[in-house]
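Q: Protein chains in written order, with this note's numbering: chain A, 53 to 295; chain S, 53 to 295; chain L, 53 to 295; chain D, 53 to 295.
Calculated directly from the structure, the hints in this document are not laboratory data.
Predicted model only: the values in this text are computed from it and were never measured.
For glycine and all other residues, C-beta sits at the position ideal for the given N, C-alpha and C.
Among the clues, some could well be false.
[Said to hold, decoys possible] In silico lysine-lysine, BS3-like type, Cα no more than 27 angstroms apart, as pairs:
#1 L:K272 <-> D:K265
#2 D:K55 <-> L:K265
#3 S:K160 <-> A:K55
#4 A:K265 <-> A:K55
[What the hints assert, rightly or not] Some chain D residues flagged as far from chain A (calculated, every beta-carbon gap over 12 angstroms):
#5 E113
#6 E146
#7 R164
#8 S234
#9 P276
[To be verified] Here are some, though not all, of the chain S residues that point toward chain A, as calculated from beta-carbon distances under 8 angstroms:
#10 G147
#11 D197
#12 K242
#13 D278
#14 P280
#15 L282
#16 H286
There are 4 protein chains.
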Amino acid sequence: MNKTIRVTVWNEFRHERESEAVKKVYPNGIHGTIADFLNRQEGIEAVTATLDEPEHGLTDEVLSSTDVMIWWGHMAHHEVSDEIVEKVHKKVLEGMGLIVLHSGHFSKIFRRLMGTECDLKWREIGEKERLWVVEPGHPIVEGIDEYIEIPREEMYGERFDIPAPDTLVFISWFAGGEVFRSGCCYNRGKGKIFYFRPGHETFPVYHQPDIQKVITNAVKWAAPTDGPRLRMGHVPEPLEDIK
Amino acid sequence: MNKTIRVTVWNEFRHERESEAVKKVYPNGIHGTIADFLNRQEGIEAVTATLDEPEHGLTDEVLSSTDVMIWWGHMAHHEVSDEIVEKVHKKVLEGMGLIVLHSGHFSKIFRRLMGTECDLKWREIGEKERLWVVEPGHPIVEGIDEYIEIPREEMYGERFDIPAPDTLVFISWFAGGEVFRSGCCYNRGKGKIFYFRPGHETFPVYHQPDIQKVITNAVKWAAPTDGPRLRMGHVPEPLEDIK
Amino acid sequence: MNKTIRVTVWNEFRHERESEAVKKVYPNGIHGTIADFLNRQEGIEAVTATLDEPEHGLTDEVLSSTDVMIWWGHMAHHEVSDEIVEKVHKKVLEGMGLIVLHSGHFSKIFRRLMGTECDLKWREIGEKERLWVVEPGHPIVEGIDEYIEIPREEMYGERFDIPAPDTLVFISWFAGGEVFRSGCCYNRGKGKIFYFRPGHETFPVYHQPDIQKVITNAVKWAAPTDGPRLRMGHVPEPLEDIK
Amino acid sequence: MNKTIRVTVWNEFRHERESEAVKKVYPNGIHGTIADFLNRQEGIEAVTATLDEPEHGLTDEVLSSTDVMIWWGHMAHHEVSDEIVEKVHKKVLEGMGLIVLHSGHFSKIFRRLMGTECDLKWREIGEKERLWVVEPGHPIVEGIDEYIEIPREEMYGERFDIPAPDTLVFISWFAGGEVFRSGCCYNRGKGKIFYFRPGHETFPVYHQPDIQKVITNAVKWAAPTDGPRLRMGHVPEPLEDIK
Chain A
53 MNKTIRVTVW NEFRHERESE AVKKVYPNGI HGTIADFLNR QEGIEAVTAT
103 LDEPEHGLTD EVLSSTDVMI WWGHMAHHEV SDEIVEKVHK KVLEGMGLIV
153 LHSGHFSKIF RRLMGTECDL KWREIGEKER LWVVEPGHPI VEGIDEYIEI
203 PREEMYGERF DIPAPDTLVF ISWFAGGEVF RSGCCYNRGK GKIFYFRPGH
253 ETFPVYHQPD IQKVITNAVK WAAPTDGPRL RMGHVPEPLE DIK
Chain S
53 MNKTIRVTVW NEFRHERESE AVKKVYPNGI HGTIADFLNR QEGIEAVTAT
103 LDEPEHGLTD EVLSSTDVMI WWGHMAHHEV SDEIVEKVHK KVLEGMGLIV
153 LHSGHFSKIF RRLMGTECDL KWREIGEKER LWVVEPGHPI VEGIDEYIEI
203 PREEMYGERF DIPAPDTLVF ISWFAGGEVF RSGCCYNRGK GKIFYFRPGH
253 ETFPVYHQPD IQKVITNAVK WAAPTDGPRL RMGHVPEPLE DIK
Chain L
53 MNKTIRVTVW NEFRHERESE AVKKVYPNGI HGTIADFLNR QEGIEAVTAT
103 LDEPEHGLTD EVLSSTDVMI WWGHMAHHEV SDEIVEKVHK KVLEGMGLIV
153 LHSGHFSKIF RRLMGTECDL KWREIGEKER LWVVEPGHPI VEGIDEYIEI
203 PREEMYGERF DIPAPDTLVF ISWFAGGEVF RSGCCYNRGK GKIFYFRPGH
253 ETFPVYHQPD IQKVITNAVK WAAPTDGPRL RMGHVPEPLE DIK
Chain D
53 MNKTIRVTVW NEFRHERESE AVKKVYPNGI HGTIADFLNR QEGIEAVTAT
103 LDEPEHGLTD EVLSSTDVMI WWGHMAHHEV SDEIVEKVHK KVLEGMGLIV
153 LHSGHFSKIF RRLMGTECDL KWREIGEKER LWVVEPGHPI VEGIDEYIEI
203 PREEMYGERF DIPAPDTLVF ISWFAGGEVF RSGCCYNRGK GKIFYFRPGH
253 ETFPVYHQPD IQKVITNAVK WAAPTDGPRL RMGHVPEPLE DIK
C-alpha cells in the first residue's frame, strides 16, 4: 500500500576526493554513506548524483523520478548551474521533498527557497554538539532520545539568517557558547523542506545511528503526498449561482 | 510494519436521540457513521464512546488503548466531567491524537488545550460552504481537490478565538459573507490536534466522501509517534566535563 | 523621541498614464494618492519613485534614506532591473520595511523574498470583497472594524503560493466563492514585510479611509528598529573559559 | 499622542521576605526593582501588587487600569486564587499585555493561557547563560546586542512544554549543556504575551541594564492596541444581498 520512496542523494563530492582525511571518513563519499543506510530501509530506494556528472547528475529523467532529494554541498556552491537550481526549485514547489544538510545552508537551492542569505557563524575546533528535541511529537524525531550528542563537530551559531521555520524540531548547543536552530521544517508550494545541521566532512557524523535515523525519518516525512491539483491564473465568472 | 491505529470516536449523542430530523441523517449517531467509514480503512480500528455511558465511555482502559480520539459535542459540553477532561488532556500531551469536530470548538477539552475561549460567529440558514486548501502538501489533504463544497451547512465565522494554528490547512468561504479557519493543526506536548469545522447535525456532512477522506487522513496524521522520553524537573550537575 | 518614518512609495505608474479610466481614479497616480494620505500623518514623511525614472527612482541615495518602502506594480514587473531588486532585497534584510500591495504579489522583489512563485487565481468582475480580521490584537488593525468591505474589487483566490505568513492578519471573502490570505506579515532578516491584497487600479480602493488606516498602521509596524549588530562568518575559539 | 502605558508588576514576594540572601539582592522585592526601572521610562507608569495583599492586589479597579501586567511567582503558585486567575485570563484575551518572568512558567495564569503543562528541566549551580537573539528585527530586541550574557543563573532546559511561540525571539545557551526557548511571543485573543526566562531570585539579574531594556521593550510591544470590537455568537441572516 505504501509506495516506495525514491531518493536522490546529491553531493558536491569534492572534499572526499581532495582530502585524505575526508576520504578516510567517507571512502565512498558522503552521498555513498547516506544512500547506503537509506537503502537498508524497507520502502526507500536511494540513488546518488554529484556535481561533476553531466547536468550535475540531475537530468530531467532523474528529477522526474525523485520523490525526495538530499543535498550536501560546501566549497563549490557557485559551480552549480542556475538552470539546474531552477529545475530543482520548480520540482520542490510541485511536491518533491528536499533535505538540506549542514553546509548546504549556503547552497543556491536553499537560499532560493528561503529568500534570505542563510548566513551564520562558524568555528572549526571539533567541539561537542548536542541537538535538543523541542517538538517531541514530530515524526522526524521518532525513535530519537531527548538529545543527540555529537562528540566533535564544526560549530554553527546564531543568528542564522533564515525565515522562522514552520516547525522547529531541534536546537543545538555547542560547548563554545553558541546555539543554533538545527532542525527546521518548511512547507513551500506542495513541497516539504527539512534543514538538518550536522555533517561536517571531517567528522564521522553520518555514521552515527541517531543521525541516520533522523535523515530516514525526514525522508518519510518529506515524501510527496497526492494533494490537490492547483489551478492558477484567470478563473471565469461563476457559472452557477454561488448562493 | 505500520501498526494499526486505534481510534475512539466520542460523541455527545443527544441530538440524534432527541430530534427526528437528526436521527434521519444519522440513524446510528454521528459516532456510528464516523466509526463505520474509519473501520472500512485498512490499518484503522475504530470504537465509539458517548456522554451517557459510565465515565462518558472514557474509562482508563479505553483511554490507554486509544491512539487517536475524535470529539463531537454541542448541547451538553457542561455535562462532561472535569476529571475526564483532565485525563484526556494528559493523554493528548503524552501523544494521543485529538480530532475536534464542528461544535466541539466549545468543548471543555478543546478550550483547555487552546487556552482561549474558542468563541465564534454562527448562523443556521443552511448556506453553501467551500473549504479551500491553503497548504496543499499537507498529508491531511491527500486525495482532496482544491476545495470541498458542502451544499448546505451551518455558518461559522471569524473572528474564531483560537491561537494561530501551527499549520492552517483549510479556510472556509460561506455564501452569507463570512470566512473561517476550518482546518487547524496544533502540536501540544507530544500530541497532535486537528480542528475540523464541518459537521452540523442536521446536514449529511459526514456522509460526504471528501469529508470522510479528510478525517481519515487526519487520523493517520495525528497517530502517535514513538518520540523521545522526556525528563522533566531537577537535573543534577553535569557529571562529566561537558566540553 | 519617536523618529520620523521616511517612506518611499514606489509605483509602476503605467496604468494611470495609459488608461483614462484609471487616470480618473488616480489622477496623480496610485503613488501620489498613497503618499498624500501618509504625509497627512504626523511622524511620517513620504516621497515617491516610479519605474520610468532613472534607476526606477531607487538610487542608492533614495534607498539609504528609506525606512519603509511601499510597492505597487502590475504590467511591467519584468522591466524592473535585477540589480535594483537585489539592492532592495539587501535593504530589507538589513531592516527596511516593505509593504507589497495587490498585484505586487508578482513583483520580482516579493517573489525574491518569498522564495515561491506567489501565483494565485484572479477574476475581474468587480465583485464585493470583505477582509476579515483574524488577529485582532495586531498593531496593523488598530482602529479597524471586524472587517473592511470593498464594494467592488478584482478577486484574488487561493491557493496563494506563498510561505505561511509569520502572522496572518486578514482573510478575504469574495462574493464569487473564493477566499484569500489578504494581510500577511513576514520577518526576513531584520526587515518586516507586509503583503496587503486590496488595490486594483480601476477601483478607488486607496481612497477608502479604512484601507488608508491599514497602510498607515503597516508603515509604523514595519519601521526599522535598532536591533543587534549581527556578526556573521568565522568566529574564533572562545578566548575565555565559557564556563 | 502616545498614551502612557500603565503597568502592574505582580510579585509573589515571599523569597525576599524569607531569605536574607534574596533580600540582599532585592531589598524592595523583585517587583520594586522592576517597577523602579520602568518608572524611569517616559511614557510608562508602573505600580506593584503582591500575593499577600487582599485579592493578591489585583482588584477589579487595579485590573481595569492595567495595560500590561508583569508576573513573577515561584514557591506559592498554588496560593493564587482561581478566581483571580480567571479575571486575569479574561483581561488578557480582551487585550491586556502579559509578561511572564522566569519561574512564572509554572504559574496558574501562564499554564491557563498556554493549555499545556509548561514543565521544563532545571539546575541551580549558578552557571553562565547566554540569550542569543534569533529574530533581530523584533521590537523586543531594540538596543540589545547579539546576545545577553548572565554570569550566574539557574538553568532551565528543554524540552519546555509550551506551544511553539508565535514568534521566538531568544534562545538560551547554558554552560552545563542545555538550551532553552527564552523569549517567546504569543497572541491570545486581543492580548500579547511574552515569556522571558531570566530572573532567579538569588542572582541580580533584574539589575542588568540589558535585561531591563528587554522588559521595557516588551512592555511597549505588549501594550494594548485599539483593535476591532468583536461580535461573537449568533449573527442573523444577511439583510442585504451580499453580492
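Q: Hint by hint, which ones does this structure get wrong, listed from lowest number up?
A: When the structure is compared with the hints, numbers 3, 8, 16 turn out to be violated.
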